[in-house]
Every structure is written in C-alpha cells, then in structure tokens.
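Asks: So the protein lines, in turn, are chains A and B.
Taking our numbering, the leading residue of the first sequence gets 1, the next gets one more, and so forth.
Taking our numbering, the leading residue of the second sequence gets 1001, the next gets one more, and so forth.
Some chain A residues well away from chain B (every beta-carbon gap over 12 Å; in silico):
#1 Pro41
#2 Gln82
#3 Thr98
#4 Lys367
#5 Arg536
#6 Glu546
#7 Arg619
#8 Arg665
#9 Gly735
Sample of chain B residues facing chain A (criterion: CB under 7 Å; computed from the structure):
#10 Arg1015
#11 Pro1030
#12 Glu1218
#13 Gln1452
#14 Gly1460
Simulated from the structure, these hints should not be mistaken for laboratory data.
All values reported here derive from a predicted model rather than from experimental measurement.
Don't be surprised by glycine CBs; every beta carbon is placed ideally from N, CA and C.
There are 2 protein chains.
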Amino acid sequence: MTFIGERVPRKEDSRLLRGHGRFADDQDRPGQLWVRVVRSPIAHGRIRSVATATASEVDGVVRVVTAADLPDRRIPVRLKVQGINLDDHLQPVLATDTVRYVGEPVAVVVAEDPYVAEDAAELVELDIDELPVVVETFQGTVAADFRLGYGDVEQAFVDAAHIVEMEFDVGRHSAVPMEPRALLVDVDPGSGALQIHGMTKVPVFNRDVLATMLGVDENLIHVHAIDAGGGFGVRGEFYPEDFLVPWLARELNRPVKWVEDRAEHLVAVNHSRQQHHTIAAAFDKNGVLLAMRDDVLHDNGAYARTHGIIVPELTLAMLPGPYRVPAFAGRIRVMLTNKTPCGTYRAPGRFEGTAVREQLLDVAADKLGIDRVELRRKNLLDARELPHTREMSTLGTDVVLDSGDYVGLLDKAMAEADRLGYRAELASLRAQGRTAGLGVAVFLEKSGLGPQETADVMVGTSGAVRVHSGGTSLGQGIETVLAQITADALDVDPAVVTVVNGDTALQPFGAGSWASRSTVVGGSAVHKAALAVRERAIQMASRMLEVSEDDLETRCGSIGVRGAPGSSVTLGEVAKACRPGSPHLLPDEPAGLAARRRFEVEHMTYPYGVHVALVDVDRGTGLVQVPRYLVAYEIGRAINPTLVEGQLVGGVAQGIGGALLEEFRYDEAGQPQAVTFMDYLLPTAAELPKVDVLVTEDAPAPGNPLGVKGAGEGGLTAAGAAIAGAVRDALDLPGPVRRLPLTAERVRGLTDEGTR
Amino acid sequence: MTFIGERVPRKEDSRLLRGHGRFADDQDRPGQLWVRVVRSPIAHGRIRSVATATASEVDGVVRVVTAADLPDRRIPVRLKVQGINLDDHLQPVLATDTVRYVGEPVAVVVAEDPYVAEDAAELVELDIDELPVVVETFQGTVAADFRLGYGDVEQAFVDAAHIVEMEFDVGRHSAVPMEPRALLVDVDPGSGALQIHGMTKVPVFNRDVLATMLGVDENLIHVHAIDAGGGFGVRGEFYPEDFLVPWLARELNRPVKWVEDRAEHLVAVNHSRQQHHTIAAAFDKNGVLLAMRDDVLHDNGAYARTHGIIVPELTLAMLPGPYRVPAFAGRIRVMLTNKTPCGTYRAPGRFEGTAVREQLLDVAADKLGIDRVELRRKNLLDARELPHTREMSTLGTDVVLDSGDYVGLLDKAMAEADRLGYRAELASLRAQGRTAGLGVAVFLEKSGLGPQETADVMVGTSGAVRVHSGGTSLGQGIETVLAQITADALDVDPAVVTVVNGDTALQPFGAGSWASRSTVVGGSAVHKAALAVRERAIQMASRMLEVSEDDLETRCGSIGVRGAPGSSVTLGEVAKACRPGSPHLLPDEPAGLAARRRFEVEHMTYPYGVHVALVDVDRGTGLVQVPRYLVAYEIGRAINPTLVEGQLVGGVAQGIGGALLEEFRYDEAGQPQAVTFMDYLLPTAAELPKVDVLVTEDAPAPGNPLGVKGAGEGGLTAAGAAIAGAVRDALDLPGPVRRLPLTAERVRGLTDEGTR
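Chain A with its partners taken away, still in its complex shape:
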C-alpha cells in the first residue's frame, strides 16, 4: 500500500510531546564555558576603544574578546547573484572601527557561568563617537541597484487605455521562532575537531563556511542533528555567533555554549520585508494587462548578510505572479540603513510583492469598473498557456511556471468561500452596521530549489529503516514526510522508518531545509534512494530464495515469491545477507542494504493559491479583526494532508501578524522600539480565526517523481494582500491602504479616506 497522502501521525510528536526533544539548549558538556555577546548600544558610531579590563577581572570570567583578538573575517553571502559584488558591505564577526546598528556584536565575554558572563558583559566599556544615523530607507546608501524584466514596457504604457499607479510600503518585521538561537560547541583538544549542536537550516553549508573561516578542513567539523523550535528563514543562517562560539571553543580548548535571549534575538537575527514600492500597471480598454512596472526601495539594514540581495531579486522575479503580464520592468535599489541587517523570512519577496500587486489590482478593478475577481480571472494565465517561461531568472534558475490552472483554482476558492458562507457573513456584518470587508488575493509561490539534495536509505538487520537526509527538522514534520516517502517506495511500515536530518557526518551532501525544498528535492532524493534499496533487496532476495527477480514482489517489510505466500524473506534478513562475509554478497559488491542517491533539479516548481479574508474593522479604535480566512492552495500532491494544513494555518498566523501587528520600528536615533514582546506584537490565539483550508492536487509538478510542489509558505504569501484588500474593501477606499502593517493607529488614519 502507499503511505503517500495518508494522515500519518507525526513521528516527531512522540518525543516532542513527552518533553524528549533535543533542542540546542538541552545540550550541555561538563566544563562548558558560557558566552555573552556585548552589543552596540548606538546605531552608528566610530569605536574609540573597547575596554575589557574590568570585565576580565570578574571572578569566573575566562576571556574577553574584541575584534582585535580575532582573525579578520567577514561572513560571506550564501546566495550569490552573478554580477553583484557585496564584499564592501559584509558583516564582520565583531565590529572593528565602526558600529552600524544597535545590537551589533562588539565584544564577547566568556565565563564559567552564564550569569557571570552576562554581568561581566555590562562591565565592558565601549567608547564610541556617534555618527549621523540613517533610519529612513530613501536616505540610505545604495548597496545594489538592479533591474529585472522583459518586453517593451514603455510602449505598453504609451498604448494603454488605463494606467493605475500607486505607492505602497511593507513594514519591517521578521520571524520570531519560539526557540531563540543557541549553540553548544565541543572540541577535541587532540585534533581540534568540533562537535556542534545548534546549527539548523543549512548545516552543511554553515559547516563549510565555518571551516573556511577557521582555516580547517570541513571534515573536522561535525554538526549534529537537533530539534529546532521553528526556523522560518531566520534561524540557522550563519551569524557572527556561528563563528565566535566555535572559534572560542578551539581557542580555549573547552566546550563553549551560547544561548540567545529574546531581547538579543529581536535585534540580532535577520529582519525582513521592509520595502517601498512605486508600482504601475497598464491595461487595455477591456481591462487586459499590457504591462507592469515597479520601482522598489529595499531597506536591508546595516549590512549584506548571508542572503545578499536574494529577497530583492525574488521580489521582482515573482512580482508578475500568476498573471499574463506581457511586459514587466522591475527596478530595485538595496538601501543600507542603521538598522538590523535583513534576510529572508518565510515567503520572502512574495509576501511583499503579492501585497503590492494585489492591492494594485484591487485599485485598478475599481478604477476600471470591473469586478476584482473578474479582473483577475481575465488576466490570470490560462492552463493551456503553461508551462510559461518568463524572461527572468532568480536564485540562479530561469522562471518557468510549470503546471496548473490558476483560473480554475480561483473559481474553486470563491465557490468554497461561498459554500462556507463568507459573503453571507459579510452581508450580515454590514447589515449589522459593521465596517466589514472581504479581500481576495491570488498568488504564485515557488519551491523546490535545486541544485540537489542527497539522501541515504539503509535497512538494519532488524528490518528497521534509517534515512539520512540533508533537510533539518524545524518543526515542520519533515521526518514524518520523508518516512512516508520511504515507506511508500520501499514498501515498509512508516513506523519502522527513522529519519535523521541535518547531521553533517551522516549526510555530508545535504543542502538543508529552506525555500520549501525539503519535500520536493529532499523527498525526491529519499524516493530515489528508497527505490534503489528496494531494487537491491529484490536482487539479494532472488539469490537467497533462488528465484528470478521477476517472480518477486514486496510485501510490506518482506520480499516474497509471487503466488507463494509462504516463501519470503524479511528485509532484515536481506540486510543480514548483505553484510560482509555473507555468502550472498559478491566480492566486489558494496556491503549493506543501503543506497545513497542524489536528486538534481534545474528548475523550481510553482505552487499557487488564493486567499480570501473577511475583516471586521472597528472604526473607533482602528482594530481589525479577522473572523474568517480561507486558503486555497494547489500543491501538486500532499504527502501528508494534516501537515500541509498545519503549515498553511501557521503561515496565516504569521501573515496576519505581518499584515496587522508586527513591526520593528526605530526612533530617529536608530534605537529599536520593539525589543520585547510588549512592543513587538505577535498574534495570539485570540487574534486568529479558524482557518479554512482547501488543498488541491490538480496539477502535479512535472519536475519531480512525487509530483509535489512544496507547501511551506503559501499560508503566508498572500496574507498581507488579502487583509489589505479586505480592509480596503471594508473602508471602501478609492486608493490603496498604502502601508502594512495595518495597525489600529494606521487604520484610524485611513477611515477618513473611505466613502463607506
């Protein structure tokens, strides 16, 4: 039987629910030292001195390190874009002569105890001459300025019957995973080899970066698999601490531990999203899109971090979305300001671009007098137009929209919303005199980034199956998904499959869990490896049972002779027959019932969806409530529908946060205004509706053997768009809402503009 598509209970839950998860902070080693990072209290300044003597004298302090003690190292860009050189803007591990944002690491205190380290860190005396602070994006330094697009946009705008133009801001916010970062690094004093717990997302890449920065061979570093309390793009990138803690362990020849607190987290990990768009669309007289153009200022904070300019690039490359846009001109300027540097946050570039594009379409629909769903239906690419190649590339891959029926899904989503009574409820609310609105947003996602993932599948002599994959277990359920894929291909019970993700010794060719790639690319690698093991098992069983391979079949954990129910060998027995010294193993055959396979892919796959949001605005307070929310998402094939639904609901929660609540604001001096959860407002259960989910599997991905399209981000992608549209609808604005998040304060400012 197949286990793909089954609602198999999460394998992770057995340990997580019993408190047996192994998170980075659960790791300890006898004799470990504790690190506390001393961070800049000012946003921009020249360092005159960093005085460490007082801190060094505190009892229990082992070492205080400043940039002067370190080799000169900057953190490299992970996702390079050809032709864009960011070397001048890379972040140093510790600030040398200049600090550029509040929270920038300046020194490190190492002590026998975390409390001593924290207390002593406050005794490190920073003497910094303040420099002028840039907080406004448009006043920043241009780190990169590039364009993506195709077609004759200028002519299209000349020929247009209608031109709709607007400005739109997406606010600075980011992921705040439940578990802040943590690292435990153990060192073998004899060899200098490092055992690292706490690197998630891209452990092999981080291992390689660290090896290069330390000047050692990558095989001297072993990053262990751990649990992680969420990733969402920010957790697991290579940050200054990812160099500092291992470097200190080697320097001091002792285990070193560091745990980030929440206040640090909010200024230290990548921020995201902050962009100012000036977008315009040209339509013919029937409302058919002729062209779009967008001029974006992207606020990247103080440095280019590991993501380089990939968020800006994705913003432009994905901006046309699922629509037939004959000509597109995008320009983006990456601006450096004195704020925390930025990177990806779940649905990077798409959350921003979708919000802007869909708001523009809403404004255009009103302006052209066309129903907004009808306008979209008119301009969505038709199923027969796919695959559709856009003359752009992102993440090093050409944009080729692979398969789907965008109009069909829009219709299904609207029908589902009607079936669930969304429009009826809207009417009812309005009848009650409430300021209610419905938002509809269509979006295109991308997932399954290559170039590869590698997986090992092996069977033990008890018949237990192990999978060593390159993904990481961030809470998303990837162990369950890969176990189902293995069980399906190998024909075993998922219960006997154990999946280990992100251990660099077990899987040195892993590419990590990001970009919604784990199921698509990682899953396909596991699928290939499991099929190879199956094939090998049949070959060996044929020798053991002395029958032709063609007469053999799998029987959930066994290989049996067709038509002879009593004649079979278990996979465990086959594994025994594969051991060295076995009479069934030929001299030059590799031992073990195991296979390593690599799945390589050139193009991404493009899932797509529709969000429908019903909002209820309190005109007095400006508070926006979201009583109903629907996500329709086409993902090709759901390995485990329960996990897909969970991903989508979680994404909506984050999307509502970004659309209504979450924002990293700064004052004029560059002081962050949101350094606790009292200021950085997360949606709670009270702010969230029961999310309706419609997962469709109508358009399997042609580019991978499972047909999967990745489901990790679509709950978030159009949340800003749908809520902006709903608020605009509620307030009956003629123009755009102009800015996310739609905090109560901003909504109060908008209520005067509406006609309702």
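Got chain A; can you put chain B on it based on the hints?
Replies: Below, chain B without anything else, positioned relative to chain A:
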C-alpha cells in the same frame, strides 16, 4: 615517494603526550549516573536471595538491579567453532540461581555518584549456599572435547627410533592493560538511541551483540572511537557490563557511566593460558620428526565467554609450528572450573603451544645427543616446501603456511646473537660461576584473519584526507600505520591524513583490531580504498584540466600534467569539483572524492621468528634475570619499523611476565590470590633487558597487496619457550622445566634436579 617502511613519528603521540587523549573515563555527560557491580565473594554456590532494600535506601541510589529485573540474556560466543555447542556454558549477565566464580556479577547499584554506588554496593546482602568448589583443572567439567590432527600418528610412534614425552603446565595469567575497562552510555530519551564510549577491539560486533540482546536495531547504537590504554585481547570483548550499562541507560533514560577498578579487573576480565599438556614426539634414528601428539587439558574457568573454544583450537592447530611434522594428533578437553572465565591473551594458544613444543625439542635434543639448534634446523620446513598445507583448520580457515625461509631466519638469528655477543656473555657469566643459560626457540605465528575489513578514504576540500577504518586504536599505532598506507597509495603527506578507527557510525563494516589483523586486513582495505580515490582523482583532474588521464601523474597532494610542472590541480580542488552541483560531476556519479573498499581474505598469513634468551639464575633465591633477549621476526614488510620494534619489545615484556612472574593462583576455596599488583607481579623496567630486535622482510605475504604479515604478537609468542629453554640450560636439567611461570619458588625447586 613511498611512506611505507619509513619511521614516521606516531600520529597518536601528539595528543597522547599532551594529555589530550580521549579515553573512556575522560567522557562525562551532565546528569550521568554511576554503576557499581556487586560481585560474588564465593566461588561456587546457590543463591538463596539478593536483598537490595538497604542499598536502595541509601541517599543518592537510583536503582539496584538483580537478575530478576533483567531480561534473560546470556553473552554469545563471538568465535564459533562448527559442531561445538557451548550454549549450556554461556555466562549470564547477572548470576541467576548459581554463582560460579569469585567476581561473578550478581547485582548492580546505580547512583548519582560513584562513591555512593560503591558504598551502597556493599550493603547488597547476598545469601548464598556454598557448593563444592573445583579449582584443579583435571577435576573440572568437560565443556568440549575435540581433536585436530592428520597422518598416522600411531604407526609413526611404533616406527620411531626415539620417543620423547613430557608433561608441561602453563600458568593462568592474562593481560592487564594500563587502563581498566570503562563505559559511558548516553541515551536519547526520544528514540532510545545509544551513544557508547568505551567499547574497543570489536566495536561493530559488540554493537550487534548488544542490539540483539536489547532487541533493537543495530543502527540505534553508535559506538564512538576512543583511545584505549591497551587491549591485548582482553579489553573490548563483550562482558556483562557491556550489556548492563547500556540497558540501564535505556531503562533510566539517563547517561550511565561505569569504570572498573583494578581489583575488579583482575577477577572480571578474561584470564588465559592455563593448560596442562602431555606431549610426545617420535623421531627416526637421525632425529627427524615422524610425528607429534599432544593431549591438553585447557582450564577455561567458570563459563564459555566470547572466545568459546578458540584458544584450545589455536593451541592444537598451531602446535606443529614451523616444523615438518608428518603426523600430528592433538586432543584438547576444555575444562570448566570455579575460576574467572578465560579468553584470548596476545598470542593465544601460540604462547602455550610454543613453550611446550620447544621445551620438548630441547629435551629431545639432549636425549638424542643432537645440538638443539641443529635438531631444529633438521626439522624446520624448508623454504622450497612452502606453501605448506596442514590438514587442519582454525578460526574457520585452513592452515596454509604461506611463505618464508624458517631455516634461514634461524641461522640469521643465531648469527645476530653471536654478533651481539650472546654466547660470549654466556661463557663469561659461567666463567664467573653464575648459573647462566641460553634459550633458543623457533615459532610460527599467524595473523591477518579475515573474512574482511572495510575502509573509507575521503579527501576534504582543503586536501585533508580522512580514513574511517574498522580497527581500533589500542596504543599499537594503527592510526600511523594506516596513514602511511594511505599516503603511499594516494601520494599525499602522511601529515594530512587523519585516521578514525572503530566508530560504528563512520565505519559500520569494521571487523576490529585483534588477531594481528589490523595492518594486514585493515591496511589492505585502506590501500584499496586509497588507490580507488587516487584513480577517481585522476579521472576528475582529467576533466578539470582537459587532458587525458594517461597524461596525468600524482605529485604529493596534487594531480599534474606530465612534463608540465605548472599545470596541476590540488586534491582539495579535485574534492571541490566532486561536490554536488559541480560542473565536473556527472548526474549519476556519486559525489565526494571518496571511496569505500572491502578487502576479503580466506587464509591467514604466517609470520615466524626466533627468540634467543640469556638468563642468569640465582640458585639461592631462585630469581631469574634476563640480561639479553633477541627477537628475530619475519613480517613480510614493515610499514613502520619503529612501531614493529615497539610491538616486539612490548611483547617480550609481557612474555617475560608470563614466563617468570605473572600468575592468577587460587586457594582451595576458589579464592583468587592475586587481586592487586602486590600479588599479581608484573615485570617492571628493572626486570626487563634491552631487547634486541632483528626484523626481516625476506618473505612478503602473497595474500595481500602490501605483503605484510602482521607484527603484533611475535614478541610474546616464544618468550615462555625461550626463557624455559634458557632456565633449563642454565640448570642443565635432563628433563623439562615442567611449568610456567618460573617463579623464584619453582626455580628453587628445580635447582636440585640439574646436573650443573
């Protein structure tokens, strides 16, 4: 250049000499519990009760476990001999209803602290009814009775011109490695997976045994590579603690540690050697051997442990040694007595058999009036007679003496002894009235047991090379030897090679370090794997440099174009080109510059040697001193002569211990008389001569690509024989010395028998 044969400094020494070795007792985990084993204080008895209540109430005691708490498990035989069933004699993990030797584990106390555990263990109340105790070997129970041999021995004895017969006892002693045993077992409470530090010698085998006993898949258990302070056969076999400590870790879901103390060690680890021989040889009138027969009682202590009856089997199979013995009849009875169970100790069966055979030849030489060297020369197999097949098998392999010139080596050894003035010194001592003697013993060793060893060789992107081998690092220098073999095959500097031995996750097909197999079988596997990496590197370099493979050559860490010194790529660059996503890597090629290879071998190889010992006996005290000692050893090829010499010198030290000092004696009640180093006498530097070593490489082993024969045991094999011969010579005994060790007390008893 080749690095084979070079005196490369030991790679292990950098960490060991700086105190950075990682021995089992160096491992700790926060929250670990400590185990203390409660051992039987009496040699034989029926257990009426094991009362644990008092011990359990001690503050800090977490659990007290008796056999009743455990699954019923007995430790299986590792080296099975077909047709011999020892199931009734296997040792249980904890004694159930009967104790059979002093030191047998009866209960286990687990506590938060090792001192609490030890104190509480004394509060476990054992109520045991004493049963009759068997201490004398001949009174024991026969666990196995078998014969090995060939030819018509009876007729040969009928036809003989001379028959020489004698009885001979080899005393019970064993290895006492500097580091007693220790285990740290960490458990992942989520999965039950075990991380084990402390299993040496055969980690993969022990992992598999443990998995079977625990009823889990072997891949759930990871045995880590550690340093070990000596092995010598006893350390690293599967003992009761190897089940108890992991079982407790899983049961209590906490890390558990156990460290053996010396008093425990002396009663707990395998004893060895104790045999009573009744041996006879038949000669023709010219002193040509016609046949030998030997009837052996082998004292195996209370149980059959992991070695089963392999020591008895080896005793018989190797007894004819390097001699032309036309007919041989061996019988051995394996006797169970109420003493510590036995296993292998370096040169198992050969130390015993060589001592007995060579003493017989010395007695025969005198009786036949032939010089003892001449008698040996006459009866040694001639070089032209090799390979020589004996119609016997041992360790599952047929006995085929592969290559050599036994007579030639005897002549070389005697010439070397003369050159070094042995005979002159003998004459000088005698001229001074001292009771001096010279012993000469010729011996055959065996090494390189199959069926296989597996090795991984991989190159990192810095050009560093890693080897994952199945051996274990017991102090013998195997890391250095395998690094040299790798460096030679791959053409890199041994300094860039790191060897990891005995990690079951890194090398799941390792067979371990024992039976002098690591260099022969493990080294050959490494050699094959390194050659495969070299071949792959040339293939990849050919793509990178766009030249034919035939035009490429290795250049110590690089691949270069012949005749173009400037045109080359480093192995690190080649490794980069082998990463997934590299343009040089073809779609279906495995990534990584790495290879796993298995070396399989059906037959052992047979090194051989000569020991010459000069002794000086104090007739008053019986004290035997050894002023001069020569080992001549043919080992085919020395990878590192310094290490070979070190092995031989260390072996002589242990051999002198077994020949003169070390003995586990028991009183009539089965109480061990040697439970500290005050009673179990080890040779110290004062007792040891400077050992002269003559390593020859005249007869490379035909059965492996390196030609190596294994050099781990030959310093010990004939030490009992040579010293027995020398003492006999010194005392001018007409008959044999009858018994080893030749303690001062026994020598005093012999002085009256001599004629000198």
